[in-house]
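Take the given structure of chain A and dock chains B and C to it, following the hints.
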Amino acid sequence: MNKLVVSPSPHIHSGLTTAQCMYGVLIALLPAFFVSLYYFGLGALLVTVTAVLSCVVFEYLIQKYLLKGQPTIANGSAILTGVLLAFNLPSNLPLWIVVIGSLFAIGVGKMAFGGLGNNIFNPALAGRIFLLISFPQQMTTWPRPQAFNMALDGETGATTLNILKRGNIDEIINIDVMEMLIGNAGGSFGEVSAIALLAGFAYLLLKRIITWHIPVSIIATVFLFSFFVTLHEGIEYALIFAELQIFSGGLLLGAIFMATDYVTSPMTRGGMILYGVLIGIITVVIRLWGAYPEGMSFAIFIMNGVTPLINNYMRPKRYGEVAKNG
Amino acid sequence: MKTFRIGGVHPSDNKLTAHCPITQAPLPSQAVVLLSQHIGAPAQCIVEKGDQVKVGTLLARANGFVSANIHSPVSGTISKIDNVADASGYNKAAIYINVEGDVWEESIIRNDELIRECQLDSQAIINKIDEMGIVGIGGATFPTKVKLMPPRDMTAEVLIINAVECEPYLTNDHALMLAKPDEILVGISILMKAIHVERAYIGIEVNKPDAIELLQQKVQSYTGIEVVPLQCRYPQGGEKQLIDAILRRQVASGALPISTGAVVQNVATAHAVYEAVQKNKPLIERIVTVTGEQLSQPGNYLSRIGTPISQLIETAGGLPEHTGKIVLGGPMMGRATANIDTPTSKGTSGLLILPEEQSHRHEPSPCIRCAKCVSACPMGLEPYLLSRAVAVDNLEIAEEHHIYDCIECGCCSYSCPAHRPLLDYIRLGKGKVMNIIRNRSTEKKQ
Amino acid sequence: MNIIITSIITLAAIGLIAAVILYFIAQHFKVEEDPRIEIVEGLLPGANCGGCGKAGCRNFAESCVKADTLDGMLCPVGGNETMKKIASILGKEAVEAAPRVATIRCNGSCQNRPRTNSYEGASSCAITHNLYIGESGCAYGCLGCGDCVSVCHLGAISIDSTTKLPVVDTDKCGGCGACARTCPRGIIEVRPLGIKGRRVYVGCMNKEKGGIARKSCNVACIGCGKCAKECPFDAITISNNLAYIDSNLCKMCRKCVDVCPTGAIQALNFPPKKKSETTTTDTSTQQ
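Protein chains in written order, with my numbering: chain A, 1 to 326; chain B, 1001 to 1446; chain C, 2001 to 2287.
I should point out that these hints are in silico values taken from the structure, not numbers from a laboratory. Think of the CB as a built atom: it goes at the ideal place given N, C-alpha and C, for glycine as much as any other residue.
Here are some chain B residues the structure puts well away from chain C; computed CB gaps all over 12 Å:
| hint | residue |
| --- | --- |
| 1 | Arg-1005 |
| 2 | Ser-1012 |
| 3 | Thr-1442 |
Okay, derived cross-link-like pairs now, DSSO-like style, lysine-lysine, Cα gap no bigger than 30 Å in a straight line:
| hint | chain 1 | residue 1 | chain 2 | residue 2 |
| --- | --- | --- | --- | --- |
| 4 | B | Lys-1432 | C | Lys-2164 |
| 5 | B | Lys-1080 | C | Lys-2207 |
| 6 | A | Lys-3 | C | Lys-2164 |
| 7 | B | Lys-1049 | B | Lys-1092 |
| 8 | B | Lys-1092 | C | Lys-2164 |
| 9 | C | Lys-2092 | C | Lys-2030 |
| 10 | A | Lys-207 | B | Lys-1002 |
| 11 | C | Lys-2215 | B | Lys-1092 |
| 12 | C | Lys-2054 | B | Lys-1432 |
| 13 | B | Lys-1015 | A | Lys-207 |
| 14 | B | Lys-1002 | A | Lys-317 |
| 15 | C | Lys-2215 | B | Lys-1049 |
| 16 | A | Lys-3 | B | Lys-1092 |
Pulled out of the complex, with its shape left as it was, chain A reads as follows (with noise of 0.2 Å):
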């Protein structure tokens, strides 16, 4: 007979793993990378693949030379960064934008910190952000959503969001949310199927990988922040303008996907609702008020660096803090 094994409690294990949680992410973002091959083409194989292996090859080495420890891309995190950044990217980016990308991604905002769990801000996120930054010629240039797309520079168009920036009443009416919800529509071309993002958000709440609590709060601050705002200019047009907002851009990619990253999110129940309200405050200002037409990548950005105040702040609610609440 073996020796026998002698560990402490408890014994069994719910066999939810890292890896688990990972590619239940990577699963969930199946259908809007189906949406975007119909729509993007080849562009968006190109630049997903592309970023999926930079950032496992940047991490593997990085790991392996830089910190001389164990890799550690059997756990699928590097890929889902990989896929993240690439979703938030137009499918025309030349690759070596996105080479760049993946290495900030990694190298900056994941391995610098100390790896997976140490980095405060979300790593796909800081590698957008860095790009938006480094070149926003390339990355604010959207081509056009065409079936079956096999160019890789196709034409190129305005965003919903630009014309939501612009502010055209009559131009923001024209606009057909059903394409929106389909993904008919210009933008980073892992963002734009509002159903596909749905249909996703439905898998990892039935898989229990997140709670609803950050997307909801999120896109319901969203809505109502700027219902609120344009309700001068009659209900019926605040409801559509808020409808918009919810579905154009980054917003339920962001929302759904980049926000509720375990490592850069709140611990607690309320600090997650308090981060999605506050996430969907920032983004709505900057839409309309900042000099981007979108604001969901920064938003996140900063309440990334705010998730450790929330922590300390917002606490769970012990059993018996309220002794004899019948």
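Then chains B and C, alone, in the frame of chain A:
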């Protein structure tokens, strides 16, 4: 459906022995009776080597208020009073008895006839429970009489019977409820009389529908007892969680559970109380669930206290070839042991034999701050933070974040996707912090 | 051009004003302190090990400056040399103290003490000790999880991969005793280093009766008392079935080593004996 309000997990039941009737385990050839089978001071041995004892003879007397009498579970000769390695492998004082026949003390009534009426008054009941060495046999082994004597400024309003059995695998309480419902209910009535309460709730998780149905039918002939079906969730059998689930009241940090007006007793303890008060039978045997996927005859065995666990495993079909771990108790809070000669004690509720492939822990990976431990903690603590604080020996932080409230249920380690040994560190830190607090209060007194 | 000059002047002015303000604030909030404390602290190794009995190096430096004599004051890490330097600065007399090192009083290597089960859990001796007896049958021996390794600021202890026992690097060890205080089983004792590092000690802490102790480990002290009878200097005492060699009385004759039936007594760094080594233990790995 009622359940507790904070945290909790839902491991798969694995109640392999749920419908195994209670089976009598054979007598051991030698019984080893530990002198410390309860929380509190070890009992004081009153027999000597060579003494003849019967089943039920007092072997050791309670040593102080929080302590319990220990009676002989077998008849025969005391062969020695010496140390024995307990489940942890450390030596504990014990009485070795060579078993000869099965002669019981005459005072014990050994028929199965139900005696419903109890003429004793409250104090007499409590004395009887004390005398018969009854302790909480759900696992905590807290002397029962202590719980029945609340501090002067607190009064009991309600009795809660813990028949939750939320630990996976264990079915000893379930089997007992199916076999002895009337005895349990009389035991509950006696306990109610002892603490002067008019109401009692029996909390049972809904994965035992037959027990719920049977007891619901039986309680109709008893006044003031109600069966409360509870949603399946671990650790509902924790005293604090059960009070919250049934009464929607929470015990303040550091306070006694009685401060909510509730006295919680395990269902098997209620049965032991019945036997002690009505039949004069001390706590000398108990039901032990011997279970494991690979055992050939898993079951609920009525076995004498002091039986070596190796013999119980033999009774259940012998140790399977690929055994990796032997756990005394359930898989969430039980204690793994490498010593198969260790004797059972009053608190041994189960013996779980895990196969090799389920025995190993995964290699821990870095914390990804997923907050699963925070949402799983039934005490509303932050296990990731506490465990880290203890690992770097920062006990001030651990104390500041209420490490002493931890009930060591294991929900945090169970749910951690990074397989971090959260509870290992928290348990260590809790011990250290409790020590610091104790020292501080003694210093203050001086 | 004008702009540049204006900016330079403005900046310089701001800098100057800030410097003046800072100077006065620094003067105002200055803490009066003996400057020698700073110097003494600089001489100390800065390990903050607590081996001197004070709360860190700073605290020790303060005590040195305040104390009338340096009698009984020793930085175990820096040793006599450091104390001499401190003494010369403070104009006091340094008192020589014998250098001391951590000594591992367990020789239960995997060979001597078979492992009967395997522990899986947080790698901490304190946790293992609280949980159970350990991987072997000895309730007194080394648990091998390395709490002493992690507590040592000087990197003097490491766990040998074959014996699974801690090994003390006597060159690095300052004898501060942090490991001895951490070890939940108390198997580490700080003993005098001895000439050329020679030490004789009982490499066992097992307080069980002889038979039980021997069953769990080949090199256990069984408390037979032969060594105590043999010792010409009465340096060995037996209590709780365990021998102890008083380092103040021991003259390192090694007669006890020869008579010990289990080889529990360790003799380190002695030249090999001419005839044959009587001890069967792997003393070489202990160093």
